[in-house]
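Engineer: Sequence:
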Amino acid sequence: MWLKPEEVLLKNALKLWVTEKSNDYFVLQRRRGYGEDSGGLTGLLVGTLDTVLDSTAKVAPFRILHQTPDSQVYWSVACGASLEEISQHWDWLQQNIIRTLSVFDSGEDITSFVQGKIRGLIAEEGTSTSDEEDPERFREAVLRFERLFGLPQREKLVTYFSCSYWRGRVPNQGWIYLSTNFLCFYSYMLGNEVKLVYPWDEVSRLERTSSVLLAESIRVCVRGEDHFFSMLLRLQQTYLIMQQLADYAIVRFFDKETFNAEHPLANPLHITQRALETHARNQSFRAFFRLPQEENLCEVYESFLWVPFSHVNTLGKICVSENYLCFASQDGSQCHLIIPLWEVFSVELPDRSSRALTVCLRGKRALRFSEVRDFERLAATIRRKCGTAGSPQHYVSNPDEEGVMVGQSQAVSTEALMNVFHPHDAENLDPKMLKERMKEQSWQIHFAEYGRGTGMFCTKKTRDLIVRGVPETLRGELWMLFSGAVHDMISHPGYYGRLLEECMGSSSLACDEIERDLHRSLPEHPAFQSDTGISALRRVLTAYAHRNPKIGYCQAMNILTSVLLLYAKEEEAFWLLVAVCERMLPDYFNRRIIGALVDQAVFEELIRVHLTQLTEHMTDLSFFSSVSLSWFLTLFISVLPIESAVNVVDCFFYDGIKAILQLGLAVLDYNMDNLLCCHDDAEAVTVLNRFFDNVTNKDSPLPATVQQASATANDKSIQKVDISDLIKEAYEKYGDIRTEEVENMRKRNKLYVIQTLEDTTKQNVLRVVAQDVKFSAAQLDELYMLFKRQHFVSCYWLVSSPALQNHDPSLPYLDQYQLDQSQFSSLFNLLQPWTTHTHSRSLARSAFRLLDENGDGLVNFKEFILGLDILYNRSFTEKLKFLFKLHLQPDSAEDGVIRKCPERGRAKVDLQEYLKQWQEDLQRREENIKDLPRINQVQFIGLTKTLYGVFHGNEEEESLYRAVARVTSLLLRMEEVGRKLQESSPQKTPQSTPTSTAQPETSPTQPTSPETKALAEGESNQPESPVSQHETAPSHSDITPTSTSRPSTPTSSPTGTSSPMLDTPTDTPSSPSTIRDGDWSFSFEQILASLLNEPSVVRFFERAIETDSLIARARKNQLKDVH
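Note that our numbering has the sequence shown beginning at 381, numbered continuously upward.
Hints in this document: simulated from the structure, not taken from any laboratory.
C-beta atoms are modelled at their ideal positions from N, C-alpha and C, and glycine is treated no differently.
Treat the hints with care, as some may be off.
When the alpha-carbon atoms are kept at most 27 Å apart in a straight line, the in silico DSS-like pairs for lysine-lysine are as follows [to be verified]:
id, residue 1, residue 2
1, Lys384, Lys575
2, Lys744, Lys841
3, Lys1496, Lys536
4, Lys1078, Lys815
Taking CB as the label site, the calculated pair distances span [unchecked claim]:
id, residue 1, residue 2, range
5, Lys1113, Val1067, 51 to 61 Å
6, Met884, Ser1018, 24 to 34 Å
7, Glu488, Thr1119, 49 to 59 Å
8, Met884, Val989, 42 to 52 Å
9, Phe1262, Met884, 12 to 22 Å
Work out the full structure: start from the sequences and follow the hints.
Structural biologist: Structure (structure tokens):
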């Protein structure tokens, strides 16, 4: 066990301890009296001391001491009761600590680091696996987590571990905290504090790695920067939890097409370490046995299963779910078995001494399990579940029945199309048909020995038969069995028929796309040259689009479904499609084909490992990714003749994506010499296309009318390749690739693929925006990340945040991320360069309305950054115009209401509309200030209040307030002069009431009458006006309407000092007909010209904004701003 480091003076213990191992920093010692010299005099003396004296009665016989070369003081760090136990500690120190200590300069630093690391290990050993087992300790960790990182209390801490974080070549011993949305680390050592907070949605790489300096560590890449965490006591457990949390964030935020609202981890506030482990265990269980998504692993037992065909007991594990009893061997025999519990009719306990039980099945079959530790509990569980798992009623085909099953509204084909268009001829003595019959006999022997249907034993022999090729007559049955689709169909009787009743006849974008592709699906096959095949294909694709609208219909689904319909009945083809799209090829058939891109990355990784010669020749393997995309999307159906492609599909349904990866490697290996001679990608494509054209299936019984003839079919000089030989070679050379390894590679590469797509989106957005703003590239990058993170911040702690719908990867790049009014207001207030205090909400609300050009209730990054660029980088005139336009925005009861259709991403893209909008943007002239409408009374009051708020806290605050007051006074007086001039005009009647629209635009800098000129001169010559008496401490009440702002009669003096020039005119009982809201107004030219005469105001708006510091402050406070 690890010990809290304590000083040991070694020379006083030399006679009591014997050194077994040592190095520069650690010593492993054995206490005399134990082991080899226990019989000597010294050994007897030490043994006596250990027995008699209380102070040494509990001394462990082995210990490890830490030493520094320049000190006589040693520190005890571990002890053990046996050599095996202490050796484990010694090996861990050798692997994780020794190579690290060389980076320190002084012995004190080395000792301090070792002490901190050992204390961390001790603390971690004391931590429980979940907060339910030790709530007090976990509660302390939660409080420490909240105090250190300042995250909202809603952020859920999942677990924490002691580890070292590497900054350069120096490790920092501390604690890593894994929460629902963040990866955090904290260390304080030798006066150096290290604090990291990274959201999982920004992690692009997560993998276990090792190097010369680091024995084994976890590498985390965030925004292109690598971070290494090592010296973890439970490294694998930590890595798996990190992987699950990162994958959860990716699926929830980026890959919403596959995220289910009923996901067991849908609520981010309820995620715990135990929940993550349970979810991962259930996923692995379902994936291995190909069971429906509703199945969860309930109990696991280790036992032996009597295998009748080999007459041996096979060691393995029994896995029990709600409706299935499964067994998988662990002795390398690759034997597994799936038993539906409704097939069990009794459980017997024949031999209690061997802890055995016998499970009796319908059809006179029985399974005998032995050496089950808790066999009575297992028997009780099976009996209980047998009673609840009733046998589902489902449609079972009969070979003698008619070809269609007529339902309530739709005719459903109950025959595989191959049986209809190419019926099996038992009397045909063709050599190919004889080989086909031999295959059928081999499978019949296999069925007799290993069972048939859902209870069949799957072994190495089963795979060998698959590699040789499945008989045409059994292909549909075996596809259903190996894919697990048979379990889905049995569990959902009548489901397909109900789907057809609901969806057929309906109109949608998916239906239009399906109709477009129907006649492109295996057009050379007779089955799809007739209405029978086309109608069946239409029904299956439409039903699936209705079942899974998140995916709907994607290209390549039609090709795959066509092949499924050839060998399976219509309902079976539907469930096979479900199995492929939702389980076996996850994320393949969506708008970004993420799953296919992930498997391409896995394929590249395998090429680097297995085809090093090709890797050295072609440093850029992205070519193989582009070429192999169709291989993965169509399972080689699009590149191989149909009679050869079905053999590949056979292997795929048995071994999953592993079979496709193996075959891809075999294809490249077969063409290695030709590929090494290629000088460019075009030559390589030609080589591969020529190869695929010459792949044949010599054993195919299909007639020539069905087989696809290649362009080189009659060329005798070209060497043909048999698909069976190619598949056999793939299994022989690359069969050691394990499914678990492929799944781990998938998870590891999915983060990278998603973040690569996100980076592509970012680069395209920034490329469009950069030409219109004056921010630097680095600043734009930071602002984009702030904008994107603001979207996620509002989604972190909600089960189903409405804001999640504002991210749609199917939209154009600019519109993929959009903020609603609440999100925009939070980010705008973080980034605006001025402090507006109480007006921040109203200002942000007005800015949102102004920037939301299309009025859909959402603002994209371009709209946001154009507004921010005005505030940060534009001239005084542009900034003032922006503030002016903010106050022209009318308040609306629907502010913040998103008016975009929820299916906006699924609508057809109107290219003409985009081209028209692009042309308008190019031709858009700069907005003329004369085109701006006039600002009325209420709006002008709001503008003045905003200016006061903007100037608040500035070092020139008082002079700025005075300047605004002077401008306000001047504008109001100018309005009075204009009013008087209009009222005295002979063209107007005395009774006429002037309106704001009839007022002439009078420039305050160019008076149009002597009175106006006198007003301007008088204003500038006054030493101190009544306005200035109130300017020392202006407030928002300074412009609150208390009386009229101008004389209500023609005899009032325009320059009189009795009128409070900051007061706002309001309706009064004495003059309701002549004084109304909006009965005076100003143009932008008037306001601009007046403010240009105030140097302090111009200087305030023209000063340079510290953009980098404001961005850094916003980044620091973005999470703190969450309420």
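Engineer: Now tell me if each hint is right for this structure.
Structural biologist: Status of each hint after checking the structure:
{"no.": "1", "hint": "Lys384 with Lys575", "in the structure": "holds, 25 Å"}
{"no.": "2", "hint": "Lys744 with Lys841", "in the structure": "holds, 24 Å"}
{"no.": "3", "hint": "Lys1496 with Lys536", "in the structure": "holds, 20 Å"}
{"no.": "4", "hint": "Lys1078 with Lys815", "in the structure": "holds, 10 Å"}
{"no.": "5", "hint": "Lys1113 with Val1067: 51 to 61 Å", "in the structure": "violated, 20 Å"}
{"no.": "6", "hint": "Met884 with Ser1018: 24 to 34 Å", "in the structure": "holds, 28 Å"}
{"no.": "7", "hint": "Glu488 with Thr1119: 49 to 59 Å", "in the structure": "holds, 51 Å"}
{"no.": "8", "hint": "Met884 with Val989: 42 to 52 Å", "in the structure": "holds, 48 Å"}
{"no.": "9", "hint": "Phe1262 with Met884: 12 to 22 Å", "in the structure": "violated, 55 Å"}
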